[in-house]
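**Student:** Based on these hints, arrange chains B, C and D on the given structure of chain A.
Protein chains in written order, with our numbering: chain A, 3 to 347; chain B, 3 to 347; chain C, 3 to 347; chain D, 3 to 347.
Please note that the accuracy of each hint is not assured.
What the hints assert, rightly or not - Estimated spans, in silico, between C-beta atoms of each pair: (1) Lys272/A - Ile226/B: 56 to 66 Å; (2) Glu165/B - Gly333/C: 36 to 46 Å; (3) Pro11/A - Gly49/D: 48 to 58 Å; (4) Ile67/D - Gly10/B: 47 to 57 Å; (5) Glu143/C - Gly101/B: 42 to 52 Å.
These are computed hints drawn from the structure, not numbers from a lab.
Glycine included, each C-beta is placed from N, C-alpha and C at the ideal position.
There are 4 protein chains.
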Amino acid sequence: MKAIVYHGPGKIEWEDKPKPMLLEDTDAIIKITHTTICGTDLHILKGDVPEVSDGRILGHEGVGIIEEVGTAVRRFKPGDHMLISCITSCGSCSYCKKGMYSHCENGGWILGHLIDGTQAEYVRIPFADNSLYPIPHHMDEEALVMLSDILPTGYECGVLNGEVKPGDHVVIVGAGPVGLAALLTAKFYSPGLLMVIDTDENRLEVAKQFGADYGIDSKQVNPIEIVKGLTEGKGADVVIEAVGIPATFELCQSLVAPGGIIANIGVHGKPAYLHLETLWSHNIKITTRLVDTITIPLLFKTVQSGKLLPQQLITHHFALNDALYAYRIFGHAAQEKALKVILTA
Amino acid sequence: MKAIVYHGPGKIEWEDKPKPMLLEDTDAIIKITHTTICGTDLHILKGDVPEVSDGRILGHEGVGIIEEVGTAVRRFKPGDHMLISCITSCGSCSYCKKGMYSHCENGGWILGHLIDGTQAEYVRIPFADNSLYPIPHHMDEEALVMLSDILPTGYECGVLNGEVKPGDHVVIVGAGPVGLAALLTAKFYSPGLLMVIDTDENRLEVAKQFGADYGIDSKQVNPIEIVKGLTEGKGADVVIEAVGIPATFELCQSLVAPGGIIANIGVHGKPAYLHLETLWSHNIKITTRLVDTITIPLLFKTVQSGKLLPQQLITHHFALNDALYAYRIFGHAAQEKALKVILTA
Amino acid sequence: MKAIVYHGPGKIEWEDKPKPMLLEDTDAIIKITHTTICGTDLHILKGDVPEVSDGRILGHEGVGIIEEVGTAVRRFKPGDHMLISCITSCGSCSYCKKGMYSHCENGGWILGHLIDGTQAEYVRIPFADNSLYPIPHHMDEEALVMLSDILPTGYECGVLNGEVKPGDHVVIVGAGPVGLAALLTAKFYSPGLLMVIDTDENRLEVAKQFGADYGIDSKQVNPIEIVKGLTEGKGADVVIEAVGIPATFELCQSLVAPGGIIANIGVHGKPAYLHLETLWSHNIKITTRLVDTITIPLLFKTVQSGKLLPQQLITHHFALNDALYAYRIFGHAAQEKALKVILTA
Amino acid sequence: MKAIVYHGPGKIEWEDKPKPMLLEDTDAIIKITHTTICGTDLHILKGDVPEVSDGRILGHEGVGIIEEVGTAVRRFKPGDHMLISCITSCGSCSYCKKGMYSHCENGGWILGHLIDGTQAEYVRIPFADNSLYPIPHHMDEEALVMLSDILPTGYECGVLNGEVKPGDHVVIVGAGPVGLAALLTAKFYSPGLLMVIDTDENRLEVAKQFGADYGIDSKQVNPIEIVKGLTEGKGADVVIEAVGIPATFELCQSLVAPGGIIANIGVHGKPAYLHLETLWSHNIKITTRLVDTITIPLLFKTVQSGKLLPQQLITHHFALNDALYAYRIFGHAAQEKALKVILTA
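Just chain A, with the same shape it has in the complex (with noise of 0.2 Å):
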């Protein structure tokens, strides 16, 4: 089959790989129907993520068909249509038992990571009853894509830790793909007042169409100023970091009222300054977060109830066999306006 390949820094091929085997009696084979990119994949690609080692197939998101199953695979069978979560998890570790399946011991990320991933024409998943959810009939697949990782990523590590409530004052840190994606699912909750912060007007403007209250760039304005301005001087309630730089990190201190919390997504690569020397008498919570998917039952209901349209989130598409054009393309992602790119096989 084809797949893309990484071969160290700077270097991916589309090419000739074997087919995926049943290695475990709990794993799946999935014919992929459709797959994405993530920024993760270009971090990995910059060589940033040295785990990742020579002849690795990239992707952890995506949809597809079982081909085959193992043995010990109860609730799936081959032709069942699938959602793969970029988490795989064993359902009985510990972290497993807790819901924290991005730390599970036989598993977490590990997909185009540590095992070949999904973007190549055929996957293997490990734990199939648990890292794959079925596809309701009638439902828009390829949309179902940004179920894999970036929608749970925005809700879980955004919005849930965020504990955002109705009438909440909300700033999201950050209008790319994942930052968005916090915005859309934060809508769930009807917050007051949802604020977005960038210096790329492009994104900004798709901040609003996709509901948000006010598009701060800040390039042109101070972003503090204009917050407190819109809060009575509090600042907000919930703070959602979607950069993952010391200096965005910082700014959501800054933003942050007594009381409220700053919830972390972004992929960080640096310490961070913390100003306790303010902070420590401001009653407030920070968190961190790697996805752990376990809300993509609930994404399900919310999508089928017309609540979330994850098809937003899509801009480009291309044939998978394209992938080494995609991945230029979400290489730009700014200059070419992409937000999430699909691959149809």
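**Tutor:** Chains B, C and D alone, transformed into the frame defined by chain A:
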């Protein structure tokens, strides 16, 4: 001044009463601008609430303008426009400190019950700093009368106690004003399915206009079958009882899914059977609550952000001095297609 | 092998049965070392649980050693010492993913009920990776039998659902084994006042030895008066029902303070009155629950740290092949001053 | 009257000041019977809290007897014995209504800071109905001084924010008075392992006497290795920071398990590094909090039931008019083996 005065079962008059005066340093005198009639007022009129004595001015909802404040009132001053909570709270007893104002040792539901109420030209409000809420400029004051009682009641007793979450299957039993208030505020959380059960076709129609996915006429169909059919046989995650009779409470027990919640809003006059012989192992929760009105500030924010339109509940308008006529109309609410009536001074 | 076999109401035998074999890849066969008899087994014996068919081996509690595992069992191997949960969980259905193992679509309470149980020399445990718990070295294995069912039941259904907090006033109605299990685990939270109501003097005495502040004999005194007297007239913050008849459930309704919780543990055979005519405005919560055994790992830690002494519940010891005699003793538990009995192979 | 008066960095005097008078209807004047000195008072003395002006009477803890109340004080009367909260709360601002008294718009921490404090023969307490707590008969009033600040601080900022649960592995970094207050109140929840880290042998000894399972001297051993060794390599579920310097806050980040919480109590003067480059994916929570003293009623109940012995924290006794000498001793707390000192009028 003129007021609606109770004179025993079946008898109310619009008559002269002395204008109220400050009795405690913490009191305020409010000039009523808008008030309404509650289902509870009809219960009082029937003689169902024996603590209401002859001569009592009725009414526990309304907005108005401060005329005078006691020396210990710090937060508000004459001329301020205020929303009156139906629950009076001292702010310092053990119940108030827990946010359970309904059981305030020095207040609770006393307006139009144990002390004179709001269906009058003026009313005395004890513990003004805690029992009144300032109305921001440019808000529709008439609509805010819905925040005195009915919307916090539907929200706190039904939706918050019911723990409605995105994607949840929610049934509301009873499409009267308080059931509809629960419906409007359940929508804050993007439930997956909102089902309303009633026997009044018009009210079911209104429920659908207000956002119910299904209106179920229990005179025409078996509501248990319908709800099970809509929920893969499981029943609803959240069942809100908004009638207050044994039959509907028993119906709720047949509608709730394992792991679900029955949130009782209805005012009950009789015991009901609880089917512990089946429910003991169903992992359910049943809640009761007299409204605390602790969510009034949150509801203000949802009105300001356009997420809640309280005016949707208002069907009839009268002059305050037509209050007796308004009682007649509201006394035949179903027939008159009345939800809430507004009396304007 | 030998086992306790049910042959219809009133009839059990200690008789030969075929040794169980692996049926699924996820099964384990356990050689029982210690088991016990549950109040539920007596109910089955009376014929109250009609789903139990003639020929069924009873018992749903125990510890033992793995004899054999299916090919898909990854976490454990022959020779490992294991605690058996009374609840079998597949780990991947929607209920298991919510931690509600009691309603597992492929398990739940099936041992000694719908499949053969633990009062035998060997037992087959489905979904071994999820339904068994490894016993750390140097623990008292006999005492751990109390973690199969009774301690998680008292803890989850009584104490966790009752939301016991430091300083709380707690009443437990019923000082049988499960009431005492609730008592032992309520102490985890340093309640202010632990009151136990029963009609058996000996059990009340045991309750006091186990840490109850008051043992209230409801044959001698009016428990409502006593509890009100001990709680400034308010009633208890948490009321745990551990009997399972209408009279005690109604008593609980008279004991609960405004804002309090009634946590039902009792297995009920009949409906009971719920006094909504008074409780509708008391802001209370009533919970029911079939144990999920989700807290077994937590309970292990409390045993290891010496905070919980499960052996306190064990009053009688028998050889496994004296199981019939043990049933006779346990069948007259009050008279024999029996709490839990241990059957050792 | 006599009082401890601040006269700029390094200068305090025991000198004559006018006896305080009622300024507002909601004030009370308290005759101090017992007070104490807080670590914060030493910070003030060093000049670290510039808002404290020359002439200010210090002290924010104490018990006493009401001498006089304003006309709007309803709950208490002259002669009543009261505990003084270190936090003054109006009870009606938006923060007080959320239970966040520390940020009361009309109070907060003002005693011995922005208004005159309790290290005096008399003190004026604003919002007496909300800021004082009645002392039940027969309680040890001297010991209750520990409920003014230090025990609620350890409990709210450390234990409640840290969400300590039965069986949890808990580390407290810092065995000074506030760390020990966290230790005493962490025990309410029966943690599985209580580890305390400090560099002072005596304080570690005290921690063990107070119930710590392990006292870890970070001058002698590597605390990270020790904690990892005691927790199967995972780290602690709850890490409580009770020092307030960058080094200890960074240590906490190395001690916390995935899914764990760092609850900050320490008063910080500088920013610290937050190692987001590793923690971003560890699913942790970090909290900060200025004590709200909202748990004073709960702590009263734990003292009454014998679960908490506040006198354990008291090491030294002085007459109130020896306050200057007491400051000298407390200023060398480690050397004098002092935890909390009591000054008695």
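**Student:** Compare the structure with each hint and give your call.
**Tutor:** Right, here's what the structure says about each hint:
A C-beta distance of roughly 58 Å is found between Lys272/A and Ile226/B, which places it inside the suggested range of 56 to 66 Å. In this structure, Glu165/B and Gly333/C meet the distance hint of 36 to 46 Å, their C-beta atoms being roughly 42 Å apart. Checking the proposed 48 to 58 Å range against Pro11/A and Gly49/D shows it holds: the Cβ atoms sit about 54 Å from each other. Checking the proposed 47 to 57 Å range against Ile67/D and Gly10/B shows it holds: the Cβ atoms sit about 50 Å from each other.
Distance hint check for Glu143/C and Gly101/B: the Cβ-Cβ separation is about 47 Å, which falls inside the suggested range of 42 to 52 Å.
When each numbered hint is compared with the structure, no violation occurs for any of them.
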